[in-house]
Amino acid sequence: MCNLLAEGYRRLFKGKRFYIVMAVMAAIPALFALLYSASNSFMEAASRQEGEAAEIFADMRSYADDLLFSHTGVMVLLVGITAGMLIVQDFRNNTIRNKIIVGHSRTEIYLANLIVSLTVMMIYEAVYLVVALAFGGLLLGFRDFPNTDIIVNMLLVLPIEMAMTSLIVFLCTSMKNVGGFVLSISMHYIVSMFSLALLLLHKHPKIMEIVKEAVPSYQMDLIGNGPIPEHWLRMILFMFGITLISTIGGILIFKKSDLK
Amino acid sequence: MEYVLQTQQLCKKYGKFNALTDFTINVPKGSIYGMVGRNGAGKTTLIRIVTGLNNPSSGEFTLFGTKNTDADILAKRRKIGAVVETPSLHPEMSAKDNLIQQTKALGISDEKLDEILNLVGLPNTGKKKAKHFSLGMRQRLGIAFSLVGDPDFLVLDEPINGLDPQGIMEVREMILKLNREKGITILISSHILDELSRLATHYGFIEQGRCIKEMSAEELEKVSRRSLHINVNDTQLLAQVLDGMKAEYRIYSPTEADIFTPMQVTPLVLALNEKKCFVNSMTEHHESLENYFMGLVGGVRNV
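Chains P and V are the protein sequences, given in the same order. Each residue of the first sequence is one higher than the one before, starting from 1 at the first, in my numbering. Each residue of the second sequence is one higher than the one before, starting from 1001 at the first, in my numbering.
No lab work stands behind these hints, which were simulated from the structure alone. Each residue gets a CB set at the ideal place from its N, CA and C atoms; glycine is no exception. Please note: incorrect hints may appear among the correct ones.
[Claimed, not checked] Now the in silico label distances, taken between C-beta atoms and shown as ranges:
| hint | chain 1 | residue 1 | chain 2 | residue 2 | range |
| --- | --- | --- | --- | --- | --- |
| 1 | V | C1011 | P | I151 | 51 to 61 Å |
| 2 | V | A1075 | P | G73 | 40 to 50 Å |
| 3 | V | P1254 | P | S257 | 42 to 52 Å |
| 4 | V | C1011 | P | L198 | 47 to 57 Å |
| 5 | P | L244 | V | S1058 | 28 to 38 Å |
[Said to hold, decoys possible] Derived DSS-like pairs: lysine-lysine, alpha-carbon spacing no greater than 30 Å straight-line:
| hint | chain 1 | residue 1 | chain 2 | residue 2 |
| --- | --- | --- | --- | --- |
| 6 | P | K176 | V | K1104 |
| 7 | P | K260 | V | K1067 |
| 8 | V | K1096 | V | K1129 |
| 9 | P | K16 | V | K1127 |
| 10 | V | K1013 | P | K260 |
| 11 | V | K1112 | V | K1129 |
| 12 | P | K256 | V | K1076 |
| 13 | P | K14 | P | K176 |
| 14 | P | K176 | V | K1096 |
| 15 | V | K1177 | V | K1104 |
| 16 | V | K1128 | P | K16 |
| 17 | V | K1177 | V | K1112 |
| 18 | V | K1079 | P | K255 |
| 19 | V | K1013 | P | K255 |
| 20 | V | K1128 | V | K1112 |
| 21 | V | K1112 | V | K1096 |
| 22 | P | K14 | V | K1131 |
| 23 | V | K1079 | P | K176 |
From just these sequences and the hints, can you work out the full model?
Below you can see the structure in the form of C-alpha cells.
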C-alpha cells in the first residue's frame, strides 16, 4: 500500500493539473473577496445618501465569514478534475496494468486512489480556507468568526467532501473512462437540478428532512454561517455511510472487472 | 521438468464468445516459449489472465507452483514483467521518469534504471516526453518497464510490433541475452513467425481458444518436413501431375507450391512438360514454422 501511495503521490505532484487547479482554488476566495470589497465600497457610498435606501445599503456589508461556505459545490468539480482525471488517465494510458502485473491487489489500488484523492480534497480545502481567512479577513474583516458554531460547521463540511470524493473515485474506477470523469464532476449539479423534486415530499416533512441530510449536495445547503444543524451527528453518519458503501461497492466492481 | 506457468483447462468467456476453451499449456523454466496463433486465437487473453488483468471464467493456472486461487499468487506476480499489447506508459513523463514511477510502485531503488534504458536502447532520450516517442521507442520503453522489477518471468505480447529491422534485431538480441545470461523465462507471442522461430525454445500452437499442440524447438525440427518449393506457370496442371504421382503438396498461389513427398526431379519435370506445365524455379528447404503452423490449422489449401 505504501508503494502504491508513493506512486500515486508522485504522479499527482508531477502533473501540472494539480497546481493549476490549486491556483484556481486559491483564486476563487481571493476574487470573491475583491468583489465583496468593491461591493462594500459601493454600499458604503450608497449608505451616505439620505433616505430609506441608505439604511438598507448600510446593512448589506459582506464579511470574510461569507466566503467560508461558498466553495462546497465547486470543490466537487475541482477535486473531480484533479483526482478523477488522475484515476481515469491511469486506465486510459493502461498504466494501471503496471501495478496489477507486479502483484498489487485491486483492493489496495482502489484504496490508494481513494487516499490520494482525499489528500487532494484536504489540500484544496486548506488552500481555500487559508486564502479566505487571510486575504478575505484582511480585506473584509470578520462578522462572527471565530465562533464555535462556524468552526463546527467548517468541520462538518469535511465529511460531505469526503463522501463526494469517494463517489468521484467510485465513478471513475467503475467506469474507467472519460464518461466516469464527466459524471463525477457534474454529479453535484445533476443532483442539485433535482432538488425541486423534494417538493413532492412536502406532505412528508420528516422524509424530506432525512433526504436533505442524506444527500451530500443537499446537506451542503444545511451548513453555513448559521447555528450547528440539529441532526449534525446523523448527517456525519450519513456521509460516512456513503463513503463506506461506495468504497466497498467500488472495490467489488473493480475486482470483478476485466482490464484491457 | 520444472514449470514457471501451467494452465489447466482454462476458460474465458466474453459474453457468449469463448476466448479460451479448456486451454492447457506448460511453460518450462528457463525457456523462451513462443505462442503461435492467428488474430483472436486467444494469445492475448491468456496473457491478460496470467498477468491478473482478466479473471478466468473457469479452470486454473499455476504460477511458480502457486495456484491462481491462492492468496500467495500476488507475491508470485511480483516476479513477473509484462508488456501486454501496447506499452503502458505515462505520456507526460520522460523515459526515466516513467521507470521511476514503476520503482515507486515496486518499492525499490532507481539505481539500475540507466542500465535498463541502455539495455533497451533508450540511453539518451533526456527530458523528451513519452508522448513524443516513436512507436518503436514506446515499445522499447514498455520492455524497459517490464524489466524494472528484475523479473524471473517475462511476458511479451507482440514485442516487436512497430520496430524497424534494426530494432527487431536488437530486441531479439536482448531477449536472448535476458534468457541466456539472467535465466529469465520468457513467454512471447508474435505474428512474425520467422522472428519467433529464431528465438523460441518451445512452442504452443493456439487455435480458436485452444492450445492444439505444444512442442520444443528440437521436436519441431524433427517433425518439420523437407519440401521442394516449386514455381511453375500453372499450379492447376502441377496439381494434376502430383495427384497422379500420389504426392503430398500444398499450393500457395497460381504459380507457387510446396511438394512434401520426396521425389526425383527429372521424372517430375518430364511429367510436367508433357502437360505443358513449365518449371521456372525449384528450391529445396526445410518446412518453416509458418508452414508447420498453417499445416496444423489447415489455413492454406491443402489438397
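Practice task
List, from low to high, the hint numbers that the structure doesn't satisfy.
Solution key: none
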